[in-house]
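K.L.:
As a plain string of letters, each chain reads:
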Amino acid sequence: MKFKGKVFKYGDNVDTDVIIPARYLNNPEPEILAQHCMEDIDPDYVKKVKKGDIIVAGKNFGSGSSREHAPLAIKASGASCVIAESFARIFYRNAINIGLPILVSKEAVQNIKDGSEIEVDLDRGTIKDLITGEVYYSEKYPEFLQEIISSGGLIEKIKKEVIQ
Amino acid sequence: MTIVEKILANHSNKKEVKPGEIVNAKVDMVLGNDVTSPVAIKEFKKIGLSKVFDKQRVAIVPDHFTPNKDIKSAQNALFIRKFAKEMEIVNYFEIGQMGIEHCLLPEKGLTLPGEIIIGADSHTCTYGALNALGTGVGSTDMAAAMATGYLWFRVPETIKIIYNGKLNPWVSGKDLILYTIGDIGVDGALYKSIEFTGETIKDLSMDARMTMANMAIEAGGKCGLFEYDEKTEEYLKNRAVREYNPVSSDPDANYERIIEYDVSRIEPQVAFPHLPENTKSVYEAKGIKIDQVVIGSCTNGRLEDLRIAEKILKNNKVNKEVRCIIFPGTQDIYLQALKEGLIETFIEAGAAVSTPTCGPCLGGHMGILAKGEKAISTTNRNFVGRMGHPESEVYLSNPAVAAASAVTGYISHPEEVLK
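Top line first, the protein sequences correspond to chains L and C. Position one of the first sequence corresponds to residue 1371 (our numbering), numbered consecutively onward. Position one of the second sequence corresponds to residue 59 (our numbering), numbered consecutively onward.
Treat each hint with caution, since some may be false.
Straight-line distance between alpha carbons at most 30 Å, and here's what the computed DSS-like set of lysine-lysine pairs gives [stated by the list, open to error]: (1) K1417(L) to K130(C); (2) K397(C) to K1529(L); (3) K1483(L) to K1530(L); (4) K397(C) to K1510(L); (5) K1527(L) to K397(C); (6) K375(C) to K397(C).
Keep in mind that the hints were calculated from the coordinates and are not lab data. Every value quoted in this text rests on a predicted model; they were computed, and no experiment measured them.
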């Protein structure tokens, strides 16, 4: 799977409270959550994001609350994936479980600039900066997580197991 | 093996597990609240099952936007109430019986030593105080666990933190954990298990241990575990709903890192906006003018916390320019506080006392901050916009510092009030 899009770049410790503020958690619909995605650190994100665009951030992305509303909001906002130096534990699980691709690459994060055009090849784990031509590599998923991803998320995987 | 390795091995039928390994482990309790359960129930329904894996082992607690703050929250609460009824969930707690989930479940004896409790709420790590592997997950994980009674876990590395020495006056579990997060950082224990140990910990109350375990997630931790001892046993007497098997680390267990603190060097701590790792001693925070004080939450809403706040507020008044909100963790805590006269003191001092709710802690309802306002709070997070307007600020502290600040109107050491 390949994605191409513009980079929205953020710093370290982007927490789930700013990805989707608690005041909107009374509504679990992803499309409504998406309208407020990132609004407390970047009110322009929702106005500017286009389908396929990519979030690039520093360490500990998705820290804080367990709210799955955070990756759901990012996915529904049109972003195709998130690249970070590291992800917070629960966010990492949630993203895998709901099928939001996430990649860990310190090198990519350190070199890719806000607003750059990049192309991500998920199968190869490559991140190409289309402006500079540089290619970066992401860490591979453990086999078990690869299974969840290729099943189409955790629920699809369990459905198969329950039916068997 | 360490505590977490033993618990994961016991629950996945293995003699031994190693950090980095992924196991499919049996879970003893599955928890959700009114924010995370609606999403989980939708996912659960996609699987197509007509019942949960065990109706005794699922707990649903509507605590975040309850008593319902608006129509949408009421719809969500109705949705989970119907599901709980349909699935015959035994541990569904309605308004009037409910409390803040992480205060309530231990109180009801539903989180026991050696167990795995997963919760669609990041502060599920609180149960580590009881020697249980409590860990936060998302809604899809909650759905999967409700369906199968199992969930995947990566076996974490363990960091051992040893606390030695005598606590200074007005220093509590909250200060130890804030100091630790300040030292190792908000990702200092990312993906890892923390074992809290040492002479100081042995003397800490169960309430204080829960405060510490609660904030393991604020260092990025998967869980924050305590050893089982007489205090754990005493707490569980007449509460535990099941038999349980405490787990302790082997003397030759492997730790990724061992950290030691001399607690006599730790003063009451204040975490500055906008991260729990921005901690300083209260002396460095003195004089910061505040608009609101919040005492309560799953971090510091237990009886011991209320008793400490009462000591400060007795014969004192909340400053006229400050709003002080106190919310006990559960109905039982509320009732006990009432019987002990704590609630009377709070009201006489000019504080507002609320029924249990997570509302103010996450900027949900009942204590939202306006633009430019500052609060000091005994809760667990001070992220941008955590309690309201993105340009408001939250400082974190223990209940004594929060109560003292309510009296003076600016961040204060308790000794300023109790001279």
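K.L.:
State for each hint whether it applies.
P.N.:
Against the structure, the hints come out as follows:
Restraint check for K1417(L) and K130(C): satisfied, since their Cα atoms lie roughly 25 Å apart, inside the 30 Å limit. As the CA atoms of K397(C) and K1529(L) are separated by approximately 51 Å, the hinted pair breaks the 30 Å bound. About 42 Å separates the Cα atoms of K1483(L) and K1530(L), which puts this hinted pair outside 30 Å; it is violated. Simply put, K397(C) and K1510(L) have alpha-carbon atoms about 58 Å apart, too far for the 30 Å limit, and the pair is violated.
Annotation: proposed proximity of K1527(L) to K397(C) is violated, straight-line Cα distance about 52 Å (limit 30 Å). This hinted pair checks out: K375(C) and K397(C) have alpha carbons roughly 21 Å apart, not beyond 30 Å.
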